Amino acid sequence: MKSRLKELRAREGWNQTELAKRAKISRQTVSLIEREEYMPSLLIAVRLSRLFREPIENIFIFEEEEL
Amino acid sequence: MIASSIFPIGLVAFFVLYFTDNEHIVERLWSSEENVMYTLLALNLVLIGVVIFQFIKMKNLSVVSLNEEQEDEIEVKKYRVFSDMIVCSNVSISLSVLAFGLGFIWFRDSGPWLALNAFFLLIGSFVVANLAFSSGRKVYPDRESPSTSEDMLDVLDDGEKFVVLEGLHKAYQLLIPFLYMCIMASVFYTAVSGHSQIFSIVLMTIILIAVQMTYGIVVRNR
Numbered sequence: 001m002k003s004r005l006k007e008l009r010a011r012e013g014w015n016q017t018e019l020a021k022r023a024k025i026s027r028q029t030v031s032l033i034e035r036e037e038y039m040p041s042l043l044i045a046v047r048l049s050r051l052f053r054e055p056i057e058n059i060f061i062f063e064e065e066e067l
Numbered sequence: 001m002i003a004s005s006i007f008p009i010g011l012v013a014f015f016v017l018y019f020t021d022n023e024h025i026v027e028r029l030w031s032s033e034e035n036v037m038y039t040l041l042a043l044n045l046v047l048i049g050v051v052i053f054q055f056i057k058m059k060n061l062s063v064v065s066l067n068e069e070q071e072d073e074i075e076v077k078k079y080r081v082f083s084d085m086i087v088c089s090n091v092s093i094s095l096s097v098l099a100f101g102l103g104f105i106w107f108r109d110s111g112p113w114l115a116l117n118a119f120f121l122l123i124g125s126f127v128v129a130n131l132a133f134s135s136g137r138k139v140y141p142d143r144e145s146p147s148t149s150e151d152m153l154d155v156l157d158d159g160e161k162f163v164v165l166e167g168l169h170k171a172y173q174l175l176i177p178f179l180y181m182c183i184m185a186s187v188f189y190t191a192v193s194g195h196s197q198i199f200s201i202v203l204m205t206i207i208l209i210a211v212q213m214t215y216g217i218v219v220r221n222r
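Just so you know, the protein sequences line up as chains A and B, in that order. Just so you know, we're using my numbering here: the first sequence kicks off at 1 and counts up by one. Just so you know, we're using my numbering here: the second sequence kicks off at 1 and counts up by one.
The shape of chain A in the complex, shown without the other chains (with noise of 0.2 Å):
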């Protein structure tokens, strides 16, 4: 699974706290979504979407094999 949460980010000029705050979730783990180490579960990916106002499958990009 691909994260482009660390564009998104930027895009929105918010650094890892910040966003942490806003999705209700720790730095910690917003970390490990950007380094691609852990797959979120479906209540933070949600909130993410919100957040960036874009579809869940614009923010996880799996490969086909994934699916």
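Bear in mind the hints are in silico, worked out from the structure with no lab data behind them. Quick caveat, the model's predicted, so the values are computed rather than measured. Be aware that a few hints might be false.
What the hints assert, rightly or not - Taking lysine-lysine pairs in the DSSO-like style, the calculated list, with each CA pair at most 30 Å apart, reads:
1. B:Lys138 x A:Lys6
2. B:Lys170 x A:Lys24
3. A:Lys24 x B:Lys59
4. B:Lys59 x A:Lys2
5. B:Lys170 x B:Lys138
6. A:Lys21 x B:Lys78
Position chain B relative to chain A; hints supplied.
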């Protein structure tokens, strides 16, 4: 990583020394009980000092004024300092328990002040452990301090739970083979030295069974 490399090296060194030295290296090593006690107490003092130093560092980190880019860096630093404090205070408690136990066994009649010093350091270790946990408020200002381990899991979000799971899994993988190795080393030591370690062997086996059964039951009932 450090612990996992030190233990096997220590074990190999012990057996190499044992077989190459006919004058009972174990007895010679433990003959200077005072040296062992002083080393443990000194190590303990160093660890307590490290925790206090990190506590002060954490306080200074919290008052640094920063821009948006620096904020993430400071948050990462705070988290690392907090984690280091927890590790150092836990090791300090373990070492002071060992020092107090050895002090009580060796010096309760001849020099009780050594055991007493270890006891004071044990109290000191608990105090700095409390300091370390109180620093959690600087890392997680919006959270209530959890009172039980179940509460602790509840306050963590999914990403943090993932990190905790990774840590616990590694610790579990380390604990089981270490306990087997300790049991085998104790059996070997009992057989060749004549000093019975049966009580410790039974205790270690009970711990091994309890840990494995707890894991198995928790996983099975979900």
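Do the alpha carbons of Lys59 of chain B and Lys2 of chain A lie within 30 Å of each other, as the hint requires? violated, 37 Å
Is the hinted pair Lys138 of chain B and Lys6 of chain A satisfied, with a Cα-Cα distance of at most 30 Å? Holds. Lys138 of chain B to Lys6 of chain A sits at ~25 Å (cutoff 30 Å).
Next pair to validate is Lys170 of chain B with Lys138 of chain B; report whether the Cα-Cα distance is within 30 Å. holds, 27 Å
Does Lys170 of chain B pair with Lys24 of chain A here, judged by a C-alpha cut-off of 30 Å? holds, 28 Å
Given the hinted pair Lys24 of chain A and Lys59 of chain B, is their Cα-Cα distance within 30 Å? holds, 25 Å
Could you grab the alpha-carbon distance between Lys21 of chain A and Lys78 of chain B and see if it respects the 30 Å cut-off? Satisfied, since the Cα-Cα distance of roughly 17 Å is no more than 30 Å.
Going down the numbered hints, you'll see the structure goes against just number 4.
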